[in-house]
Amino acid sequence: MPTLINNLGELTNEQFVRVDGNELPSEGNLLLSVEQWQANREQLSGRTIGVWLKSDEFAEQIAADLEKLALVAIEFPKFADGRGYSTARLLRERYQFAGPVRAIGDVLLDQLQYMHRCGFDQFELRDDQKVENAVKTLNYFSEAYQTSVERPDPLFRRRA
Amino acid sequence: MYQYDEIDQKIVDERVEQYRDQTNRYLAGEIPEAEFLPIRLQNGLYVQRHAPMLRVAVPYGMLTSERLYKLADIADDYDKGYVHFSTRQNVQYNWPELEQVPDILAELATVQMHAIQTSGNCIRNTTTDEFAGIAKGEVADPRPWCEIIRQWSTFHPEFAYLPRKFKIAVNSRTDLDRAAIAVHDIGLQLVKNDAGELGFKVFVGGGMGRTPIIGSLVNEFLPWQHLLTYLDAVLRVYNLNGRRDNKYKARIKILVKALGTEAFAEKVAEEWAHLKDGPGTLTQDEVDRVSKFFIDPAYEQLADEEPAAVTALRQEKAGFDRWVTRNTMDHRVPGYCAVTLSLKKVGVAPGDATSAQMRAAAKLAEEFSFAELRVSHYQNIILTDVKKSDLPALWEAAKANGFATPTVGTLADMICCPGGDFCALANARSIPVAEAIQAKFDDMDYLYDLGDLDLNISGCMNACGHHHVGNIGILGVDKKGREFYQVTIGGESGGVNNEPSIGKIIGPSFEAEEIPNVIEKLLNVFVAQRHEGELFIDVVRRIGVQPFKEAAYADADQ
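One line per chain: the protein sequences are Z and A, in this order. Numbering-wise, our numbering comes out as the position in the first sequence, counting from 1, plus 251. Numbering-wise, our numbering comes out as the position in the second sequence, counting from 1, plus 15.
Bound-form chain Z, shown alone (with noise of 0.2 Å):
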């Protein structure tokens, strides 16, 4: 089972389930590609419903959808691939999600406090990363100069 923090590095347990096929469990919370949510998500009215975008699906294929979803997850599949920051600022900034957004895939301690900055605060962190430092990695810097999810003033209108 991988390791599932929080924005505040702490663990948390907000299992979903990833189902392979279309053979979809009548229970439990689900967590969907896009193909699988937009096949059934008529049958699914009432369940609690994650969809995972790949990292060349745009958050704007799910968009009308977002009301129904309780998380939607943002696949990293190599941790250099960085079109997941712009899609879970597009969630949060352009859509207005406000639920969960969770990093799965390649994710590692280092990237872990620009993604909060773009607006992930779930992490389901690689096997082998040391969860007992992602207090720190979340933590690297106080400050920043643009405008972000956790923090949409960019300094220039916080400075005295």
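Please note that a few of the clues may not be correct.
Claimed, not checked - In silico SDA-like pairs for lysine to any residue, Cα to Cα no more than 25 Å straight-line:
(1) Lys-264/A to Ala-331/Z
(2) Lys-151/A to Lys-25/A
(3) Lys-329/Z to Val-62/A
(4) Lys-329/Z to Glu-50/A
(5) Lys-387/Z to Lys-95/A
(6) Lys-305/Z to Arg-258/A
(7) Lys-414/A to Thr-79/A
(8) Lys-329/Z to Asn-256/A
(9) Lys-25/A to Glu-401/Z
(10) Lys-264/A to Arg-410/Z
(11) Lys-387/Z to Pro-47/A
(12) Lys-305/Z to His-289/A
(13) Lys-387/Z to Arg-444/A
(14) Lys-329/Z to Leu-270/A
(15) Lys-291/A to Arg-410/Z
(16) Lys-95/A to Val-363/A
(17) Lys-291/A to Gln-347/Z
(18) Lys-329/Z to Pro-53/A
(19) Lys-180/A to Asp-332/Z
(20) Lys-264/A to Glu-401/Z
(21) Lys-387/Z to Pro-53/A
No lab work stands behind these hints: they were computed from the structure.
Given chain Z, work out where chain A should sit, using these hints.
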């Protein structure tokens, strides 16, 4: 010169401690090599042919004497007592120890310097005209805008893992472009609209490397308030849509080409519509805050005429006259000029400076130029605010320190990457070729007669030596394990009439020994064909590549 406040300082200090922790975790085996790679790159650290190389940012080329003394101390304490000034206004150390880099970064932070994002697939150091702020005819001072972009790009959380590196340059003069914005991922040209309001002409997708291309105009007039939200939009379109399957097709220029300029600009406009007028919109307060760091130093009121003593010495000493002619530049303030301290002494790798030279330059800046200096993409050091009456004394001091090579702007003032002597990426050495050319063309009268001529040398496709935009460009290539050199002509970065162009290859590549003779043949065509007042680039543009090609390969055909 911009001065950090407590927050700027804290951000850089926290970066040092972050990297120290990451280095420790890497050395303890907690971060694998492949995952440490982007971390160290974004802290300026490459692993080179012989040792790591640390690239320190000199944001938009500005240095103080204090900072240059610190760079010299670091060269002595952590390296072999010299540095290399790069073609992108950075300073490179060739022999640091990986374990000591956090300490070097901590030293840099004490003088408000860093190596942040000087490498890696992120937004790099923003560059501009080395004479920014003192040149005549600027639309506005580009330096506050560079600093605003520096802050925006520093640790931008969304754009640290782009498909490929990303370089931004800003130009202000409309009649020439020493920042070479046409060959940057984003080129920003300061302009004023008919109402006199300040803004930017935005070019995207220029670049050198494997696929040299001039940037496309995507926005005719971007009002200054919207600079950062528009940059966010361009970067987001690139981050989401740029190719990630092939690193040679990953630069934004490939995306712009694939979509077409119009479709790309449309995509950016759509994205920008959501960001425009948001919190990233710049405020007059912020522009004023940053601009006040770039006000004039305490210039004296002086006559603009050359002081009589200077004129007399020019008549008396040809060497002084040559130096004043080539190595000084007009200043917008009467009685002042900018002086280039040349790092192109024959026998020394172009752009290299010893710690003693760095201290000497720092001292000269204190003595003659308000303790400020610039580094140029021509790999020289510039004192920007020298009183003309000080020129004789400065000349003597420059000579004594090996800075007085009077070749600025000529063929001998070559741009040259470190090449295969140092760089692991290089296909061929570049420094020995540069030296052979300097040795062959050491007749000053001949060099002056040729006039302004950019000769740029790169040791590989990555084009750090800007060979594509050299009037004469030389590119090292590897053929079956042997070094060969391809020659291009007609490239121009924009310094002449602001008409940038990419050089054309004249034919099959040459062996290193042939290069000085090939250049001589090219120059002979130029000298024979030129009209009064024409530069090399003008002649290539007028008569085309063919006559040069015929001359260069004449012997081979016999």
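So, going through the hints one by one against the coordinates:
Pair hint Lys-264/A plus Ala-331/Z holds up; C-alpha atoms about 16 Å apart against a cutoff of 25 Å. Of the supplied pair hints, the one linking Lys-151/A and Lys-25/A is violated, its CA atoms being roughly 37 Å apart against a limit of 25 Å. A hinted pair counts as satisfied when its Cα atoms are at most 25 Å apart, and Lys-329/Z with Val-62/A qualifies at roughly 22 Å. A C-alpha spacing of about 10 Å is found between Lys-329/Z and Glu-50/A, which places the hinted pair at or below 25 Å, so the restraint holds.
Only pairs whose Cα atoms come within 25 Å are accepted, and Lys-387/Z paired with Lys-95/A is rejected, the gap being roughly 35 Å. A distance of roughly 15 Å separates the Cα atoms of Lys-305/Z and Arg-258/A; the hinted pair therefore holds under the 25 Å criterion. The straight-line distance between the Cα atoms of Lys-414/A and Thr-79/A is roughly 21 Å, inside the 25 Å bound, and the hint therefore holds. At roughly 16 Å between alpha-carbon atoms, Lys-329/Z and Asn-256/A fall within 25 Å of each other, so this suggested pair holds.
At roughly 19 Å between alpha-carbon atoms, Lys-25/A and Glu-401/Z fall within 25 Å of each other, so this suggested pair holds. Note on Lys-264/A and Arg-410/Z: the hinted pairing is violated, with a Cα-Cα distance of about 40 Å set against a maximum of 25 Å. In summary, the hint linking Lys-387/Z to Pro-47/A is supported, as the alpha carbons are separated by about 19 Å, within the 25 Å threshold. Our distance criterion of 25 Å between C-alpha atoms is met by Lys-305/Z and His-289/A, whose separation comes to about 23 Å.
For the proposed pair Lys-387/Z and Arg-444/A, the alpha carbon gap of about 44 Å is over 25 Å, so the pair is violated. This hinted pair checks out: Lys-329/Z and Leu-270/A have alpha carbons roughly 21 Å apart, not beyond 25 Å. At roughly 21 Å between alpha-carbon atoms, Lys-291/A and Arg-410/Z fall within 25 Å of each other, so this suggested pair holds. Annotation: proposed proximity of Lys-95/A to Val-363/A holds, straight-line Cα distance about 15 Å (limit 25 Å).
A hinted pair counts as satisfied when its Cα atoms are at most 25 Å apart, and Lys-291/A with Gln-347/Z qualifies at roughly 17 Å. Between the alpha carbons of Lys-329/Z and Pro-53/A the distance comes to roughly 12 Å, so the proposed pair stays at or under 25 Å and holds. Between Lys-180/A and Asp-332/Z the alpha-carbon distance is near 13 Å, which keeps this suggested pair within the 25 Å criterion. Distance check on the hinted pair: Lys-264/A and Glu-401/Z sit about 33 Å apart at the alpha-carbon level, beyond 25 Å; violated.
Distance hint between Lys-387/Z and Pro-53/A is fulfilled; the C-alpha atoms sit about 19 Å from each other, no more than 25 Å.
The structure is inconsistent with the numbered hints 2, 5, 10, 13 and 20, although it conforms to all the rest.
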